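Residue numbers (full-length UniProt numbering), protein chains in the order written: chain A, 1 to 489; chain B, 1 to 489.
Any given hint could turn out to be false.
Which copy is meant is left open, so a pair is good if it fits within one copy or across any two.
[As the list claims (entries may be wrong)] Here are the simulated DSBU-like cross-link-like pairs (lysine-lysine), alpha carbons at most 30 Å apart as the crow flies:
no. : residue 1 : residue 2
1   : Lys-173   : Lys-125
2   : Lys-132   : Lys-122
3   : Lys-122   : Lys-173
4   : Lys-132   : Lys-173
5   : Lys-391   : Lys-280
6   : Lys-125   : Lys-402
I should point out that these hints are in silico values taken from the structure, not numbers from a laboratory. None of the values given here were measured: they were computed from a predicted structure.
Residue-level listing of the chains:
Number of protein chains: 2
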Amino acid sequence: MEMHISLDRKSRVPLAEQIQLALAERIRSGLYQAGDPLPSVRELSRAIRVSLMTAVLAYEKLEATGYAYRHHGKGTFVRIPSSEKDEILKNINQKNSYDWQLAIPDYLGRSMFRHVGAVNRKDVKYPLHRIKLHTEELLPIQHFQRALQQASSDRSSIGDYAPAAGDEALRIKLASLFQHKSSALTASELLITTGTQQAIDLVARTFLGPGDLVAVESPTYPGALDAFRSRGVTLIPIPTDHTGMRLDILQQLCDIHPPKMIYTLPTGQNPTGSVMSIHKRQTLLEIAQSYNTLIVEDDPWEELYFEDLPPRSLFSLDRSGHVIYMKGFSKTIAPGLRLSVIAARGSVYQRLLHAKAVTDLSTPLFNQRILLHLLEQNMNEHYYKVRGQLKKRRDEIHQLLKRHAPSVWTWTLPTAGPFFWLTSTVGVNTDALFVEAESQGVLFFPGSFFYSGNSESSSLRIGFATLPESQIHEAILTLCQLLHNIDSN
Amino acid sequence: MEMHISLDRKSRVPLAEQIQLALAERIRSGLYQAGDPLPSVRELSRAIRVSLMTAVLAYEKLEATGYAYRHHGKGTFVRIPSSEKDEILKNINQKNSYDWQLAIPDYLGRSMFRHVGAVNRKDVKYPLHRIKLHTEELLPIQHFQRALQQASSDRSSIGDYAPAAGDEALRIKLASLFQHKSSALTASELLITTGTQQAIDLVARTFLGPGDLVAVESPTYPGALDAFRSRGVTLIPIPTDHTGMRLDILQQLCDIHPPKMIYTLPTGQNPTGSVMSIHKRQTLLEIAQSYNTLIVEDDPWEELYFEDLPPRSLFSLDRSGHVIYMKGFSKTIAPGLRLSVIAARGSVYQRLLHAKAVTDLSTPLFNQRILLHLLEQNMNEHYYKVRGQLKKRRDEIHQLLKRHAPSVWTWTLPTAGPFFWLTSTVGVNTDALFVEAESQGVLFFPGSFFYSGNSESSSLRIGFATLPESQIHEAILTLCQLLHNIDSN
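Construct the entire structure; sequences and hints are all you get.
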């Protein structure tokens, strides 16, 4: 197994520890499997240009933390902490015809998502890790069926490709819906993508490379961290409070090392559910303008707020093309279609369009036409209804947590986005808690997923849109019982 | 405008010429627009680490070939050969608020596709550049409508995401359909992607990086060249004959510099329409095994052959995980869905799966369910019918070309894939011919699109599946008239 590990040779973190952390992360994310052979110390030192001593030290640390296992005379092998030794030994001794493949270097970073990623595991009773809207209770199924009828009656939707930028009729419709964001916005400034993950990844592959600095809210959406990491950038975590990114800290960073890009979720910050004030939005934009930094504004929850209407988007305040705006439709309308739109200007738009063509030529036309016909119906009533129902769920959970969660746990009431972010004030390791919860059919995302570092976390995110409403009471009580059990251990 | 240009400092091609060619290609592909400012000589020399003299020389060459324009006291600007000077001057003098964006470095290679990429231009009378099946005459619309009914009656198709690997039911169905390829194939070795372009791009981003060698058939599919280029690899063009890649030349290359990957279209080679014999397939696989090279086998035309049944796929012959197989369904069943599947084994599969999750989480579930229900119907009759109709079109065009094309043009009769590859024996520049043809409403792909180098070409590709059958006669006669006109110039 060869690998590319980006080392920061100027960092105060010793190289051996950087290697250990990089390897541990690849193992935790499921990229390396139990029993996979690691390169020999000599190979490792040659591949990533470190001394033999550093390589030895890195493996010793990896062993000490339970992520590696030495098999005398055969080398060092991947181990998953808490998995059975038998399984590992079985794998080590099983030589197969694909072993040569492990000598092919790859360019992977991490992909935390796959770990819990199995979306419909049958052993999961309470999928609190998910945040998509419950199909029957919250998605606009009737609207969808009508839109589908219209799309399928037009044979070109079935029989043709879309242009790289996306279906023109859809882009025109979106430009008119976005008039409140920016009155001068035209269809030629919009780019349709296959979900927001693709939108983020397109931005990353177009503008980011090794050595670039990217400022991210900490904690933030793990899929964005994966996409940025895959380009070898240095992530700068900016702490958040109940109004989002700490701009005082961002400003300090910019004075020393202006980042090339700032990734933010100003409305319904994931996972904390905060909404950034208009004042902070203006300041953030001014910072970006002063340092000629790109802002990536990810806005899936615009319509799903629980208090006041959220302030205007950063994109709508921007006059100089610093903001790349992205809005997904999976969250609020139709997950099965996987559609998002990027709004951007000038050469930044042109370059994203080229990257899109190289990535997959274009997003499926049929899906775009269904979305077009969905948006031609008035969706405001749908949003209004869903807001009400989600707010009811939110308030119920808030009450349940107040009554049943151990007192050492705190949380913020989300003002947009259907998720709670719970934190233990006594430092419970939620990675360990996850294993326990999983065995009881309860899933959540451990806090470590949302941080750019490799650190353990004592937070966790639970989503409240995916379960049927009738199960929420029971799910939260089960979770609280788990929290009590871990506290008393 | 800053840029990253990969220079090969060991090459016999002078650096200035490498820079000139790289810039010209970005301009020809439409990435840089007329009037865009190029970096100053000083900036260029600093950005890509060449001497000032080399930068000056590169710009002089660029000017000499018509791709740049010096504006005294303002710098050097992009020019599109044959476009109007007025337009360029207008752009130069128009300063706008997005100009700062040109200072953002990007990591783009080329994307030839966008150039002619507007799929449904209304000014095009004969879209001979396209190769998709004509919707009413050749696509299985009735089957599609039935499949759509079934997919939309299941609400989970609409309301949920697919797993990163793709819908399990679809993968199980495909594994059973692929039994003739490989009897031991399981659903867990299949990965659903959003079209074959994404499949190729996933392979590129996972396994390729700067300095890697990739052997490609020459000419070949331009989308693959774009994806490989975007990773900074060195492309090694291997000439083709009427049976595909010249393995004697590949073997010579391997003896000196074994490539990391070989990309091939053994059935319906694009653009030449050739089919590789079973003997050559076995030899190619042996070469890959000897040098531990990955083969990427792109197989969109498996069912659309015009003579004998094509030999078994490379994937079906492979016992050691050297072949990454990809099959698109856009070409033969439903372009609007944009679906393909990758078959791969061992850790190569695992790593592609991770890359897929980072790229876009998963391909739309709804589309996958429609394809599932399409494949549950028997599609063999459809393939049989389309083969017959395409063969009829092919033979008609062959006769028309024999009768009406100037005698200095040659072509190969395709044995799979709906396209002809025409070559002028007197060296007509088909880039220039393209401009002339476009003005008369006839589109084709000039040969230069299909080569990894920057060279002009005297070949062109015409597709015969997209037009209605009734227009073929007229389209070919119009094209032949154009070829006559250019010959007499």
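How the hints compare with the structure:
no., hint, verdict
1, Lys-173 with Lys-125, "between (40 Å within a copy, 28 Å between copies)"
2, Lys-132 with Lys-122, "within (17 Å within a copy, 40 Å between copies)"
3, Lys-122 with Lys-173, "between (39 Å within a copy, 20 Å between copies)"
4, Lys-132 with Lys-173, "both (25 Å within a copy, 27 Å between copies)"
5, Lys-391 with Lys-280, "within (25 Å within a copy, 65 Å between copies)"
6, Lys-125 with Lys-402, "within (23 Å within a copy, 69 Å between copies)"
Taken one by one, the earlier hints all hold for this structure without exception.
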